[in-house]
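Okay, here's what each chain looks like letter by letter:
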Amino acid sequence: MVHPTAKVGSGVQLGENVVIEPNVVVGDRVVIGHNVVIREGTIIGDGCVIFDGSILGKRPFRSAVSAVTEEKQLPPLSLGKNVVVGANCVLYRGSLLEDNVFVGDLVVIREEVRVGAYSVIGKGVSVENKTTIGKYVKIETNAYITAFSTIEDYCFVAPEVTFTNDNFLGRTEERKKYFKGPTLKKGARIGANATILPGIVIGEDALVAAGALVTKDVPARKIVMGVPAKVVRDVPEEQLLERQSFYRPDE
Amino acid sequence: MVHPTAKVGSGVQLGENVVIEPNVVVGDRVVIGHNVVIREGTIIGDGCVIFDGSILGKRPFRSAVSAVTEEKQLPPLSLGKNVVVGANCVLYRGSLLEDNVFVGDLVVIREEVRVGAYSVIGKGVSVENKTTIGKYVKIETNAYITAFSTIEDYCFVAPEVTFTNDNFLGRTEERKKYFKGPTLKKGARIGANATILPGIVIGEDALVAAGALVTKDVPARKIVMGVPAKVVRDVPEEQLLERQSFYRPDE
Amino acid sequence: MVHPTAKVGSGVQLGENVVIEPNVVVGDRVVIGHNVVIREGTIIGDGCVIFDGSILGKRPFRSAVSAVTEEKQLPPLSLGKNVVVGANCVLYRGSLLEDNVFVGDLVVIREEVRVGAYSVIGKGVSVENKTTIGKYVKIETNAYITAFSTIEDYCFVAPEVTFTNDNFLGRTEERKKYFKGPTLKKGARIGANATILPGIVIGEDALVAAGALVTKDVPARKIVMGVPAKVVRDVPEEQLLERQSFYRPDE
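Protein sequence lines, in the order shown, are assigned to chains C, B and X.
Here this note's numbering is used: position 7 in the first sequence is 7, and no number is missing along the way.
Here this note's numbering is used: position 145 in the second sequence is 145, and no number is missing along the way.
Here this note's numbering is used: position 241 in the third sequence is 241, and no number is missing along the way.
Note that these hints are calculated values from the structure, not bench results.
As the list makes no split between identical chains, a pair holds if one copy fits it or if it spans any two.
Here are the simulated SDA-like cross-link-like pairs (lysine to any residue), alpha carbons at most 25 Å apart as the crow flies:
{"no.": "1", "residue 1": "Lys-185", "residue 2": "Ile-200"}
{"no.": "2", "residue 1": "Lys-177", "residue 2": "Arg-114"}
{"no.": "3", "residue 1": "Lys-222", "residue 2": "Pro-249"}
{"no.": "4", "residue 1": "Lys-216", "residue 2": "Pro-236"}
{"no.": "5", "residue 1": "Lys-180", "residue 2": "Arg-243"}
{"no.": "6", "residue 1": "Lys-177", "residue 2": "Leu-240"}
{"no.": "7", "residue 1": "Lys-130", "residue 2": "Thr-172"}
{"no.": "8", "residue 1": "Lys-177", "residue 2": "Glu-238"}
Please put together the full structure from these sequences, using the hints given.
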């Protein structure tokens, strides 16, 4: 079902049982798998690939008891050029994925999220609302990126990492003033299954070891480790961002 | 495909490619997204919203080597009024979601689960069979609620929390007598990425800190922390359940 | 939509909106749910059950910045006899599931994976590419099995466990020589939410306690515990694999 008000570019491949709602814009040479749903107004750039069963442009629907109850107009979901979206994903209205972003299978990206060019969002990752992700970032399988997080360019988040944003665990009215996810400065890296407490800042090119519980800010270019995490040494020279062949400081 | 024996109320919106099987009952003003599957006999209350790609009323199918091999008749899946179910979820036959429950995207709720009114089950959560969840509970993204767990009213479970129910990790026949998930007493809260061992009781209004490994019962209104978790102090007065504006003790 | 070049056996049940692509082979008495997609060439053995919304035979699509960029011809996805695949799963081309494998809901199994007979892959598990899993293995909910892992017969992996394969967290060219997931020797067991560092070998019938961070190889039949994990005692006699009624050493 392609709605007559949708604009579909040239050379587009459409799978079976695809639903394209009113005012959707699909660029040239886009490949859309079977059972894909593209909700009203979504914009898909040239050369994108959308795998089977994914849902693009879902409108948020707040629970009656949500801590964040504001309602507002959201712009449509927008994908740049050559974005790849895996199978059975759910991407919300009001977000923007820049050119060449790669999204794995079963990913949820909520509303008001921006993902920079060439970033990779791994299988099963959840990116909550109002989060900003830079370019050339990698977020790996099943990591949880909470609302109000900031992840700058070239960061790396390993599998099953947990970000948090509420030190009051759902209690007190006051807490709503303090909701704040972690901030990862440029090139920061988080090891597998680590947990980052609300509002923590991980310094530029710092490294959090696997399994760590980060309760304090981490200085730039330091490695922290343990429960709770403590500084143990400097990041080795050869692992610094400026030494990597893929780093493009002038871009 | 709406089976002729299904009863569909007034003012219902049906998406594309929806499958409604025999003897399903859909209340008034229900909104059903695209590619939704509603299996035989499922009951959906007035005002529910079911997002795209979700599967309601799946019958369990045990593996040949499952520790729990009993087979029995299950009643249909039943949703109360104004229940919201996110996209690409799988809800099993034999469970009951009371009025105003909110279920995020990519959630699995197994058979013989009861979820109380106004509770929120976050994105990617798994609620295993034979689990009871009270009202006004919040379970956040990717938490794992094992079989035979009990979560009382007003509890809070943060993202990526893991509940366990088998101290024998799949060995000995004897273990089947001891399968038991955690019990969270009224208002208990569990921090992000914590792990709770089998049969542990978290006392009323107690708090488990992020990243903790809970190996012993937690007294009421105490905070525990660490690996293994130890009592560190009392829950602050202003965070106690009785002090919260959303608490309705007479309901 | 069943492509005319697909071969469908006798007594097959097909749901609504099913897509079966060219050259697929479906055995006798297979049950295929609604909205299932079976991609080109996939082979499904007699007696398999595929639940609603699953996608079989997805072709991998590497991101532009993937560390593993080789492209090659993959054989079709192949399922043995009586394999069960849950709802909304994504199974890739180039993998093999032997007879009687059971796959839960929302599972992703990548390309070049082999899963042995009677193994169980729980809900939400990710099995990455180039991983080998033996027979009678259980991998539980939301566990993350990284690429290049080896899991021998009769192993057990509890919920939310994280395997890792890159000690360099995405930095240095040199690291690509060292990519290596964990190896679980026959009968090894990993407790809930544990984290296993790259290349670690868990000895035969050894046990990693819940929440542990494993940074060194674990000797056979020992229990390790803690962050970082240390040997604490022997696995109890009655829990050894050779004492279990389900163990079939001659098979």
